[in-house]
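Asker: The residues making up each chain are set out below.
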Amino acid sequence: MSVSWFKYAAPMNFYPLAGKLIPLFWILAIALIGFGLYWGFFQTPDVLSDQKQYYRIIFVHVAASWMGMWLYAMMVFWGLVGLVFNTRLSFMMAQATSVTGALMAFIALASGAVWGKVSWGTWWDWDPRLTMSLILMFLYIGYIALHSAIDNSRRADKASAVLSLVGLAIVPVIYYSVNCPNPNECGSLHQESSFKGVESNILLAMLVTALGFWMYSFATILMRVRNIILERDMNTKWVSKL
Amino acid sequence: MFNTFWMILKRDLKLALRRRSEIFTVLFFFIIVVSLFPLGVGFNEAMLQQIAPGVAWIAALLASMLALERLFANDYVDGTLEQMLLTPQPLSMLVLAKMTAHWLLTGLPLVLVAPVVGILYHLEAETIVTMMFMLLLGTPILSMIGAIGAALTLGLRGGGVLISLLILPLYIPVLVYGSGAITESTLQSGNIEPHILLLSAFLLLSLIFSPWATASALKISLE
Amino acid sequence: MSLTVSNLQCTRGDRQLFSGLNLQLSAKQLLFLEGRNGSGKTTLIRTLCALFVADKGDILWQGQSIEEHLETYHNSLFYLGHLNAIKGDLTALENLRFNHTMSGQDCSDDELLDALERIGLFGYEDYPTRQLSQGQKRRVALARLIVNKSPLWILDEPFVALDIAAVELLQQIISQHIETGGMAIITTHQAVPLTEGKVQHLNLDDYAATSGMESYV
Numbered sequence: 157m158s159v160s161w162f163k164y165a166a167p168m169n170f171y172p173l174a175g176k177l178i179p180l181f182w183i184l185a186i187a188l189i190g191f192g193l194y195w196g197f198f199q200t201p202d203v204l205s206d207q208k209q210y211y212r213i214i215f216v217h218v219a220a221s222w223m224g225m226w227l228y229a230m231m232v233f234w235g236l237v238g239l240v241f242n243t244r245l246s247f248m249m250a251q252a253t254s255v256t257g258a259l260m261a262f263i264a265l266a267s268g269a270v271w272g273k274v275s276w277g278t279w280w281d282w283d284p285r286l287t288m289s290l291i292l293m294f295l296y297i298g299y300i301a302l303h304s305a306i307d308n309s310r311r312a313d314k315a316s317a318v319l320s321l322v323g324l325a326i327v328p329v330i331y332y333s334v335n336c337p338n339p340n341e342c343g344s345l346h347q348e349s350s351f352k353g354v355e356s357n358i359l360l361a362m363l364v365t366a367l368g369f370w371m372y373s374f375a376t377i378l379m380r381v382r383n384i385i386l387e388r389d390m391n392t393k394w395v396s397k398l
Numbered sequence: 681m682f683n684t685f686w687m688i689l690k691r692d693l694k695l696a697l698r699r700r701s702e703i704f705t706v707l708f709f710f711i712i713v714v715s716l717f718p719l720g721v722g723f724n725e726a727m728l729q730q731i732a733p734g735v736a737w738i739a740a741l742l743a744s745m746l747a748l749e750r751l752f753a754n755d756y757v758d759g760t761l762e763q764m765l766l767t768p769q770p771l772s773m774l775v776l777a778k779m780t781a782h783w784l785l786t787g788l789p790l791v792l793v794a795p796v797v798g799i800l801y802h803l804e805a806e807t808i809v810t811m812m813f814m815l816l817l818g819t820p821i822l823s824m825i826g827a828i829g830a831a832l833t834l835g836l837r838g839g840g841v842l843i844s845l846l847i848l849p850l851y852i853p854v855l856v857y858g859s860g861a862i863t864e865s866t867l868q869s870g871n872i873e874p875h876i877l878l879l880s881a882f883l884l885l886s887l888i889f890s891p892w893a894t895a896s897a898l899k900i901s902l903e
Numbered sequence: 478m479s480l481t482v483s484n485l486q487c488t489r490g491d492r493q494l495f496s497g498l499n500l501q502l503s504a505k506q507l508l509f510l511e512g513r514n515g516s517g518k519t520t521l522i523r524t525l526c527a528l529f530v531a532d533k534g535d536i537l538w539q540g541q542s543i544e545e546h547l548e549t550y551h552n553s554l555f556y557l558g559h560l561n562a563i564k565g566d567l568t569a570l571e572n573l574r575f576n577h578t579m580s581g582q583d584c585s586d587d588e589l590l591d592a593l594e595r596i597g598l599f600g601y602e603d604y605p606t607r608q609l610s611q612g613q614k615r616r617v618a619l620a621r622l623i624v625n626k627s628p629l630w631i632l633d634e635p636f637v638a639l640d641i642a643a644v645e646l647l648q649q650i651i652s653q654h655i656e657t658g659g660m661a662i663i664t665t666h667q668a669v670p671l672t673e674g675k676v677q678h679l680n681l682d683d684y685a686a687t688s689g690m691e692s693y694v
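Residue numbers (this note's numbering), protein chains in the order written: chain W, 157 to 398; chain S, 681 to 903; chain E, 478 to 694.
I should point out that these hints are in silico values taken from the structure, not numbers from a laboratory. Just to be clear, a hint being listed does not mean it is correct.
To be verified - Only part of the chain W face toward chain S is listed, based on derived beta-carbon distances under 7 Å:
(1) Ile291
(2) Leu295
(3) Arg311
(4) Ala315
(5) Val318
(6) Asn338
(7) Pro339
We put the CB at the ideal spot given by N, CA and C, even for glycine.
With these hints in hand, go ahead and build the complete structure from the sequences.
Answerer: Okay, here's the thing in C-alpha cells:
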C-alpha cells in the first residue's frame, strides 16, 4: 500500500489529520511524563552521596534542554523543506515549532537557575552550557521577532527560514567559542556528560520524561499549526465550509 | 563579472564621498560609546586596561550594527536593488561588492581610530597594535554576517532594532576571540595565535557563505 | 523569439489575484495589460520578470523555463517599474552609465550623451539628479530605453509624470522598438500608435478569482 504523502502537504487535508492526532499525542504525553517523573521521584535510589534530593529537577531540566535543541533542528528542517519544495504547510510547521522551542529553552534556563541556586549557590553562572541555552533562546526570539515583523506571510515564512538556517550554520562556531573562550585552555563547570556513568533507573526516568516532552511538543505544535492554517486559509472555500 | 564588482564598489564609494558626513557618524558613535564607559565605571587605570578589549569590541559591534541599516536601504527605496536583481550577473557578486564598500566605509575607519581607544584606556603600544590587527580581521565578518540581517529586514518597520535582535547573537564568536586575543596579548605568557587562526577560519567561512545567504535573503525580501 | 505563459496563478499575501492565465507574445508584438486597481497588474509584471514566484504555471522564454535559464532571460529583458532607480547624488550621465553597464551591455559615453539629448536632457547631463524635476528624473530613467538592445521590454506605467512632449517621444521609442522586431508588455491607458506589428490586450479582471479560493499546497 502506498501512502500519498504529498496529499497531506495541502493544509486542507492536513487539518483534519492533525485534529485526529492531537488527542493521541496528549494521552502519550501525560502517560510518559507521569510515568517518567514518578519513576524519577520515587523509584530512583539515593545513591549519589555528593548530590542532594534537589538533583531530581534534572528530569525536567535535561528533557527541556534536549527539546530546546531538537526543536530548533526541527524548525530548521521544516524551513528547509519549505524553501526547497515551496510548500506552505512546512513553513507553518516551522512557525508553530518556534514557539514551543522558545518555551522549552526558557524552561531549561529557569529550571537550571533554580538548580544552580541550591547546588552552586547562585542563580546564574557563566557556565558554557547555561550560556549556550541563553543564546539558543536569543535565536528563537530573533526568529519569532522577524516572523511577526513581516506582514506578508510568504516573505515572513521564507525570511525566517533563511534566518534559522544561518543560525544553524553559525551555532557550532558559537558553541565552540562559548565552550572555549580561551583556546589555549578549555574548561567547564558541568561534568562531562555520558550515559555510561548514569544509574539505570535515573537514565530510564530521564529518557521516558524526554519522550513525554516530545509528545507534548507534537501535541502543542499540531494545535498551533491548525490555528495558523485557519488564519491563513481564511478566504478559501474549504475553510468557509467548516 | 569582476567588472560589475568594481563598478558597484566604485559607485558606492563615490556616493559615500559625496555624503561624507555619513562616514563620520559611525566613527564618532564608536568614539563616544568608548569614552562613555570610564565615566560610568570609574577611572581606575588597572580596571580600564582590563575592560578595554571588551568595550572596544562591543562599541565596534554596535557601530557596525548602526551602519547596517543603510547597506541596502537606499538602493531598495529608489529601485536600484530591483534592477540589480534583473542583471545577468550573479547576485552574490553584486552583494559582495556592496559588503566590501560597506566595510571600507564603516569597518576600516574603526581599525584606524583604535589608537584613540588605546590612549583613553592607558593601553601599551603593543596591545594597541594587537587591537588594530584583531579589528582588521574581525570587522569584515561583522559586515558580512550583518548584511544577511540587513537583507532580511529590508523595508520593515523598526528595521534597525530588529537587525540587532537577529544579528547580535551571531556576532558572539567575533566578540569572544576578538577581545580574548587583546586580553591575551597583555599577559606575559600570552599566545594569540589560536585566536587569530579561529577568527581567520570564521572570516573565510563567512566569505564563502554570507554573499550567497544575503543574495537569497534579498530575493525573498524583494518578492 | 517568444514569451509563453501558461496556466499562471499568483497569490499575494493570502489573497489570490488571478489564475489560469495564458499569454503568447512574439516578435513585433505589443501587449497592453489592463485591469482595475488591485487586479494584480504589478504582481503579474514582477512574475514575468522572475522577481515574484507564481503558485502554479510556466513561463517560457524561447521555449525554456525562465527560472532555469535566469541569466539568459535577464540578458534579453529590460524592466522599468514605478521607481526610477536613479541616485540623487549622481549626475544624469553617471546614473545612465551605471544602470546601462549593470544590464551587461556596453556603450560609449557619446551614445549615452546622445540618448540624454534625445530624451530632452541636453545641458543637464552633469547636474546631480536631485536638482532635476520629477518628470526630468523619469526621463533619466527612460533614456535607458534608447540605448538598450534587449528584445523584451516590460514597462510598468511608463507614461506617468511625463509631459506631452515626453509622452510623444516615448510613444515613438516604443513603436520603433516593436517595428524593428522587439516586443513589449506595458501597463497603461495611453495608446501607442504602430505602423507595423500587432497589438494585444489582456484584461486581468477576466482571470480574477471569483467566489472563494481553491485550496492549494
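Asker: Taking the hints in turn, state whether each one holds.
Answerer: Here is how each hint holds up against the structure:
1. Ile291: 6 Å, holds
2. Leu295: At 6 Å from the nearest chain S Cβ, W/Leu295 passes the 7 Å test, so the hint holds.
3. Arg311: 6 Å, holds
4. Ala315: 5 Å, holds
5. Val318: 5 Å, holds
6. Asn338: Holds: closest Cβ of chain S sits about 6 Å from W/Asn338, inside 7 Å.
7. Pro339: Nearest chain S Cβ about 4 Å off; hint holds.
Hint compliance for this structure: every hint is met.
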